[in-house]
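**Student:** Sequence:
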Amino acid sequence: MQCSSARKHLYRAEQTSSESLSHPVAAEVARAEAHLESCADCREFFGSEERLKALLRTRAPREAASAVLREQVLSRLAEERRPAGASHLGRIIGSRRVAWASVALLMIAVLAGGFWLRSQRSDRASQRLTSVLVDDHARYLSGETEVTSTDPETVQAWFRGKVDFSFRLPKEGGLTLIGGRLCYLQNRRAALLLYGPPAQRVSLFILDGSDVDLPQERLVKLDERPCLVETKKGYNVVMWKERGLLYGMVSDMRSADLLQLSTRF
1 MQCSSARKHL YRAEQTSSES LSHPVAAEVA RAEAHLESCA DCREFFGSEE
51 RLKALLRTRA PREAASAVLR EQVLSRLAEE RRPAGASHLG RIIGSRRVAW
101 ASVALLMIAV LAGGFWLRSQ RSDRASQRLT SVLVDDHARY LSGETEVTST
151 DPETVQAWFR GKVDFSFRLP KEGGLTLIGG RLCYLQNRRA ALLLYGPPAQ
201 RVSLFILDGS DVDLPQERLV KLDERPCLVE TKKGYNVVMW KERGLLYGMV
251 SDMRSADLLQ LSTRF
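Position 248 of the sequence shown, counted from 1, bears residue number 248 in our numbering, the numbering being contiguous throughout.
Among the hints, a few may not be true.
Here are the simulated DSBU-like pairs of lysine-lysine, each with C-alpha atoms no more than 35 Å apart in a straight line [what the hints assert, rightly or not]: (1) Lys162 - Lys241; (2) Lys162 - Lys221; (3) Lys162 - Lys232; (4) Lys221 - Lys233; (5) Lys232 - Lys221.
Label pairs and their computed distance ranges (CB to CB) [said to hold, decoys possible]: (6) Glu37 - Asp211: 46 to 54 Å; (7) Val220 - Met1: 56 to 64 Å; (8) Lys8 - Asp213: 21 to 29 Å; (9) Asp213 - Glu37: 44 to 52 Å; (10) Gly244 - Glu172: 23 to 31 Å.
Just so you know, these hints were derived from the structure itself, not from any lab.
A quick note: this is a predicted structure, and the numbers were derived from the prediction, not measured.
Ideal placement from N, C-alpha and C gives every residue a C-beta, glycine not left out.
Whole structure, please, built from the sequences with the hints as guidance.
**Tutor:** Okay, structure coming up:
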């Protein structure tokens with residue numbers, strides 16, 4: 001039995017239960033398995049496929065298919081357009097290339113699927129975080145603070161040792177600083193800064209964002225900073241990441257104004 005025929009039958013056997021194989025097909029599969037035991041090339045071929053599948057299982061959740069990989073696949077497919085009178089050796093080489101191109105296409109599909117699932121997870125996580133930010137903003141609208149000061153350095157100093165990160169506030173942020181307090185977001189301590197005037201309160205939440213992924217496809221760039229803009233329960237929310245920290249700004253002011261205000265932090 002030739003290598004190409006053996007591989008075809010073995011692929012079919014892999015995708016079909018042994019009970020559903022007809023007797024003639026089962027006989028061909030048995031011949032293909034015998035061929036595999038005696039053919040070093042076929043054993044190497046299927047061994048390479050198994051190694052590639054193992055690689056896909058470990059990398060698919062983290063990486064999207066690259067443009068370079070797509071170019072390689074398209075190039076391999078183009079090489080298969082050979083004249084009908086190609087030599088027997090050429091047909092064997094061609095069958096191997098087709099098989100590898102098929103595996104590479106499978107890799108693209110799996111990696112793209114992993115990227116889509118990861119995107120969906122980050123989108124749902126950002127929506128949950130948005131709800132928590134809005135709820136905490138509404139809870140502290142009355143201006144309940146644990147440290148009350150209009151001086152950014154005084155407020156920053158109060159948070160030292162109370163949260164697991166350090167941050168700096170601008171001295172001129174465009175709003176009057178009222179003070180701050182501790183709150184809990186994502187099961188961790190976070191800093192909440194409250195700004196005025198009373199008619200238009202703005203809450204700025206700061207927390208460790210090293211394990212928080214914002215949905216990349218929904219980010220907008222302002223001054224080279226990617227931001228996520230959300231609306232929930234009548235409030236606008238702007239989130240961004242910087243130096244491992246996640247910032248979330250909440251207010252009922254217009255989203256464009258809130259986005260512009262966020263650039264001062």
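**Student:** Between Asp213 and Glu37, is the Cβ distance one that fits in 44 to 52 Å?
**Tutor:** The hint (44 to 52 Å, Cβ to Cβ) holds, given that Asp213 and Glu37 are roughly 47 Å apart.
**Student:** Keeping to a limit of 35 Å between CA atoms, is the pair of Lys162 and Lys241 held or broken?
**Tutor:** holds (21 Å)
**Student:** May I ask you to test the hint 21 to 29 Å on the CB atoms belonging to Lys8 and Asp213?
**Tutor:** violated (42 Å)
**Student:** Hinted pair, alpha-carbon criterion (35 Å max): Lys162, Lys232. Please report holds or violated.
**Tutor:** holds (29 Å)
**Student:** That 46 to 54 Å hint for Glu37 and Asp211 (C-beta), does it hold up?
**Tutor:** Given about 48 Å between the Cβ atoms, the range holds.
**Student:** Between Lys221 and Lys233, does the CA-CA distance stay at or below 35 Å?
**Tutor:** holds (24 Å)
**Student:** Going straight from one Cα to the other, do Lys232 and Lys221 come out at no more than 35 Å?
**Tutor:** Judged against 35 Å, a Cα distance of about 21 Å means the pair holds.
**Student:** When you check the alpha-carbon spacing of Lys162 and Lys221, does it fall within 35 Å?
**Tutor:** Distance ~32 Å between Lys162 and Lys221 Cα, so the pair holds.
**Student:** Regarding Val220 and Met1, is the given constraint of 56 to 64 Å on their beta-carbon distance met?
**Tutor:** holds (60 Å)
**Student:** Quick check on a hinted range of 23 to 31 Å for Gly244 and Glu172, using CB atoms only.
**Tutor:** holds (25 Å)
Hint 8 from the earlier list is the only one contradicted by this structure; the remaining hints agree with it.
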